[in-house]
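Visitor: Chains as they are written, first to last, in the numbering used here: chain A, 1 to 115; chain B, 1 to 113.
Mixed in with the good hints, there may be bad ones.
Here are the simulated DSSO-like cross-link-like pairs (lysine-lysine), alpha carbons at most 30 Å apart as the crow flies [said to hold, decoys possible]: (1) Lys103(A) with Lys58(B); (2) Lys108(B) with Lys103(A); (3) Lys49(B) with Lys103(A); (4) Lys103(A) with Lys69(B).
Since the hints were derived computationally from the structure, they do not count as laboratory data.
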Amino acid sequence: GAGVSQTPSNKVTEKGKYVELRCDPISGHTALYWYRQSLGQGPEFLIYFQGTGAADDSGLPNDRFFAVRPEGSVSTLKIQRTERGDSAVYLCASSAGRGAGMKQYFGPGTRLTVT
Amino acid sequence: AQSVTQLDSQVPVFEEAPVELRCNYSSSVSVYLFWYVQYPNQGLQLLLKYLSGSTLVKGINGFEAEFNKSQTSFHLRKPSVHISDTAEYFCAVSGDSNYQLIWGAGTKLIIKP
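Looking at chain B on its own, in the form it has when it is part of the complex:
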């Protein structure tokens, strides 16, 4: 069975500093990987996804993620965060034979001024 682990429940970071949000997954089959963001009082929005091809995926709002098959990781990064990035970030995975998303517990990104 697939599972997703987001080890950090909260990540505090100063404005304009870089950030990395960690995501590890477990699966013995091909996977598709996603990062979603949930801004306060809003619905989930897709930031980026990896289906195949280049392991470095660029998304909206300056975020990018790198798929690492050997480490079964899909960490999210941004070189310089802004106060508007304050949100909860969720990593999710799906496979070839299922359409449902399996989700991590989420990481709250807290931007310190």
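Next up, chain A with everything else stripped away, as it sits in the complex:
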């Protein structure tokens, strides 16, 4: 079946611009996660949705970052006034339900480059 998909696969933008990154989770998965992976590092948690609501947004670095999941499936990560330090691979994952040990299925990521 279809896995987690993310679009675009690559995004190059200028400093100060606004970007949106999209995640399509596996159909029926209620939990959705966003992570950010900088070069040479492991992924870093950003935000977790259970259904339509953000259950934990403690990883968002500042108020330039925002994410939505209005219908409980597709999610969009929005970054305002991008900075060069935002350059990273943004990963989305989904899981079948809530629970700390649930397997997370990852998308291929969106590589964001801010010039």
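Knowing the structure of chain A, use the given hints to seat chain B on it.
Guide: Positioned in the frame of chain A, the structure of chain B alone reads:
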């Protein structure tokens, strides 16, 4: 706060030799432990996980890991590696009260022919 340490950024090993990738975590509460693999140009895939029960966990592609609570370790092992195992391996932890994964920095497994 939880943290994960993968001491080796790269591990070179000859094909058909055994390998161990090290992972240590710090947490004062119950943890769930994971190993994920990222093949070149692909997304992260779950290799194996420890939730409870037997401390020796078997995963896909012949990998296994052992949970050692006293040493707070979860090292990944394979008795004989193949060229297709070339990838980056990440150790991660989550706890009872949080669903997010906390990740190590990753270990690149380099297979020498």
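Visitor: Just to be careful, I want the Cα atoms of Lys49(B) and Lys103(A) compared with a cutoff of 30 Å; is the pair within it?
Guide: Holds, because 8 Å separates the two Cα atoms, which is no more than 30 Å.
Visitor: Given the proposed pairing of Lys103(A) with Lys58(B), does the C-alpha separation stay at or below 30 Å?
Guide: 15 Å, holds
Visitor: Within 30 Å, alpha carbon to alpha carbon, are Lys108(B) and Lys103(A)?
Guide: 22 Å, holds
Visitor: Hinted pair, alpha-carbon criterion (30 Å max): Lys103(A), Lys69(B). Please report holds or violated.
Guide: Distance ~22 Å between Lys103(A) and Lys69(B) Cα, so the pair holds.
Checked against the numbered hints given earlier, this structure breaks none of them.
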